[in-house]
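If you read the protein sequences in the order shown, they are chains Z and R. Using the working numbering, the first residue of the first sequence is number 17, and each one after it goes up by one. Using the working numbering, the first residue of the second sequence is number 4, and each one after it goes up by one.
Hints should not be assumed to be uniformly reliable.
[Stated by the list, open to error] Dumping the calculated SDA-like pairs for lysine to any residue here, alpha-carbon to alpha-carbon at most 25 Å:
| id | chain 1 | residue 1 | chain 2 | residue 2 |
| --- | --- | --- | --- | --- |
| 1 | R | K88 | Z | G122 |
| 2 | Z | K228 | Z | L217 |
| 3 | Z | K171 | R | L131 |
No lab work stands behind these hints, which were simulated from the structure alone.
Take a look at the letters that make up each chain.
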Amino acid sequence: MTDIISAQDLVKTFGRNRAVDGVSFAVGEGEIFGFLGPNGAGKTTTTRMLTGVIPPDSGTATVLGHDIRKKPVLAKQGFGVVPETSNAYTDLSAWQNMMLMGELYGLPRRLAEKRASDLLVTVGLLGNKEQKVQAYSKGMKQRLILAMALVHDPKVLFLDEPTGGLDVQSTQMILSLLRDKNREGMTIFLTTHNMEEANRLCHRVAIIRHGKIVAIDAPEKLKMAIDRVHRIEVSFDRGVPGEALGEVSGVIAVNRIGDKYRLDVLSRDTAIRSLVAFAASNNLQIVTLNTLAPTLDDAFLRLTQEGGS
Amino acid sequence: MNPESLPEQARRAWAVAKKDIRIYYLKGPVLIFGVFMPVFLFLAFYMGGRDLPLAFLIPGLVGMTLFFSATAVSPAIFPWEGSAKTLERLAACPISIEAIVLGDMIASALFGIGITLITVLIGVGVGLPVLHVDILFIALFLGACCFSALGTLLAVPPTNVPSNIMMLSSLLKFPLVFISGIFVPLAEMPRWGLPLAAISPLTYFCDLARYCFSGAHYFPVTLDIGLLALFAVVLSIATMYFHRKTMPRRL
Ligand SMILES: Nc1ncnc2c1ncn2[C@@H]1O[C@H](COP(=O)(O)OP(=O)(O)OP(=O)(O)O)[C@@H](O)[C@H]1O
Ligand SMILES: [Mg+2]
Chain Z
17 MTDIISAQDL
27 VKTFGRNRAV
37 DGVSFAVGEG
47 EIFGFLGPNG
57 AGKTTTTRML
67 TGVIPPDSGT
77 ATVLGHDIRK
87 KPVLAKQGFG
97 VVPETSNAYT
107 DLSAWQNMML
117 MGELYGLPRR
127 LAEKRASDLL
137 VTVGLLGNKE
147 QKVQAYSKGM
157 KQRLILAMAL
167 VHDPKVLFLD
177 EPTGGLDVQS
187 TQMILSLLRD
197 KNREGMTIFL
207 TTHNMEEANR
217 LCHRVAIIRH
227 GKIVAIDAPE
237 KLKMAIDRVH
247 RIEVSFDRGV
257 PGEALGEVSG
267 VIAVNRIGDK
277 YRLDVLSRDT
287 AIRSLVAFAA
297 SNNLQIVTLN
307 TLAPTLDDAF
317 LRLTQEGGS
Chain R
4 MNPESLPEQA
14 RRAWAVAKKD
24 IRIYYLKGPV
34 LIFGVFMPVF
44 LFLAFYMGGR
54 DLPLAFLIPG
64 LVGMTLFFSA
74 TAVSPAIFPW
84 EGSAKTLERL
94 AACPISIEAI
104 VLGDMIASAL
114 FGIGITLITV
124 LIGVGVGLPV
134 LHVDILFIAL
144 FLGACCFSAL
154 GTLLAVPPTN
164 VPSNIMMLSS
174 LLKFPLVFIS
184 GIFVPLAEMP
194 RWGLPLAAIS
204 PLTYFCDLAR
214 YCFSGAHYFP
224 VTLDIGLLAL
234 FAVVLSIATM
244 YFHRKTMPRR
254 L
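Extracted from the complex, chain Z is given alone in its bound form (with noise of 0.2 Å):
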C-alpha cells in the first residue's frame, strides 16, 4: 500500500495556543481515514495544513507525493476539499459555482459540464441548478459543496464534518456518495464527531487531543483495545446455577440480569468455545447469545479523557 497522505510532525501554534502539536500519519491509497477528536483539538487546524490553507510552523505534508508547501499547485491538483464551514460563492448558482470550480481545476468545459450535471443529479440538486446558492438549505449547501469538490474527480477527498447539522436523509445521501467513491478508488480522509458514522466507514481512525494524536486504528480494534475484559449475555432454555457458568473456562463474574446471564470474559473466542462445550454437555439450549463490545464512543471518550486534560 503507498501512502497518499502523509503527514509528518505537524505543528501549529496560533499566539500561546498549540493547536497541533507534532501530528504524524500516514494514509494509504483506497483508505477511509477517520480522524475523531473532541471540539479544538486540532481536527481543522489539521486538515487546513494539510490541504495547503495555512502553512504549517513546521513539519511536512506530503499529498500524492507531492509536498504541499513546496509544489502546492500539483498536490491540490489531485484532491478535493469539503472545508468546515460552507463556502460555495452565495452570489452565484449552483451551477455557476460548478463551472468555476472546472475552470480552477483547468477542466475542458465540455468534461466540466458533462460532470457538472451528473454531480448535481447524485447529490439531488439539478432541478435547483440556476437558483442562487443564498436561497439554499444547509443541506442544499452541503451537498453542493461535496458536489464542488468532485467535479474535478480527485484521486483524494477531504471532508471536515461534512454531515454537521444535516438530517438523516442528506447525511445518509454524503455517505452512499463517499461509500461509491470509495469503492471506485477515491482515498478519503474524514473529519467527523459522529462517531456512528466513523464506525460504519472507516477503515482505519486516528483519534487526536489537544494537538497531539492518543491512537491510530482500525474502529474495531481501538474498541476491543479500551477494554481488556469483555462482556457476554447469554441466556438457556432453562435456569442453570450461576455458580456453574462462574466455572466455564475463561469466565470471571457472573451476574444474572433477568432471564440472562451476563459474563464478564478475558477472551470472547475461548468464552464462547466453552459456553457451547458446556450447553452440550448439560443438555442446554442457547437462546441467545450476545457479545457486549464497547463502542467507538466508549473508545473514544477513554482515550479523550485519559489522564484529564
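Chain Z is fixed; fit chain R with the ligands onto it per the hints.
Just chain R with the ligands now, with coordinates in the frame of chain Z:
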C-alpha cells in the same frame, strides 16, 4: 496539461476574474456608481462654474474616472472573500496566489476601462475630438493595469473587515489625485509639487490623456508610456509579493 504552467495559471486567473465580475462588478449599485461617476464628475467640474477649458478638463476627468473606478472595488475583494470563507475555497484550489491576484486585477482593469470609456464618450460628445486613438488605448490599458494593481495592493493588510480597507484606501487615493496634475497643469505647479507629481502614475496617465485629446503634453510621450508600463510592472509584482506574504494571515 501541466497545472503549474503559466498559460494554465493565466486561464485560472481568468476564471477568478469572471467570478469577480459576476459577483462584485455586475451589481446594481456598483454599476450605477460606475456609470454616474463620470457624469457627475463632468457636471461638477464643467457646470460647477470653474473656468477650465474642456481640452484640459476632460483628460483630467478621464484620469480620475480610470483611477477611481479601477480602485473602487478591488481593495475590498480579499476582505470580503476572507470573511465569507470563499477565500479558503480558492486557497485549496490548484491556483497560485499570484494568479488569484492577477484575476482580481483583470476584473478591476476591465471595469475601469469600461467606465472610463463613458468619460471619453462624454468628451467626444461635448465636441472634443480624440486626436490619437491608438495612444489613448495604450494609455487606458497601461493605466488600468497600474491602478488595478494599486487597488489590490491596498488590500494587502490582512483584515477581513472591508470597511477598514475602504477607509484606508480613500485616505491614500484622494491625495494622489491632488498631486497628479489633474486640477493644476504640471507646467504651473509649484516647485515642491513636481517631485510629488512624478511619483504618481496618475500624472503620466493624465499627461498622455491630454496629449490624446489636445496634443499638449508635459513629458515626452514615450517617457509617459515607459514610466506607466514600469509602474504597472512594479506595482503588479509588489501586490503579488505582498499578498503571498499576508494571505495565510487572512485564513
Ligand atoms: N485562526 C485561528 N486563530 C487562532 N486560534 C485558532 C485558529 N484556528 C484554530 N484555533 C485554535 O486552535 C485550536 C484547534 O482548533 P480546530 O478548529 O483545529 O479544532 P477542531 O478539532 O476542528 O474543533 P471542532 O471540533 O470544534 O471543529 C482551538 O483551540 C482553536 O481555538
Ligand atoms: Mg473543526
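Output the indices of the hints that this structure fails to meet, ascending.
3
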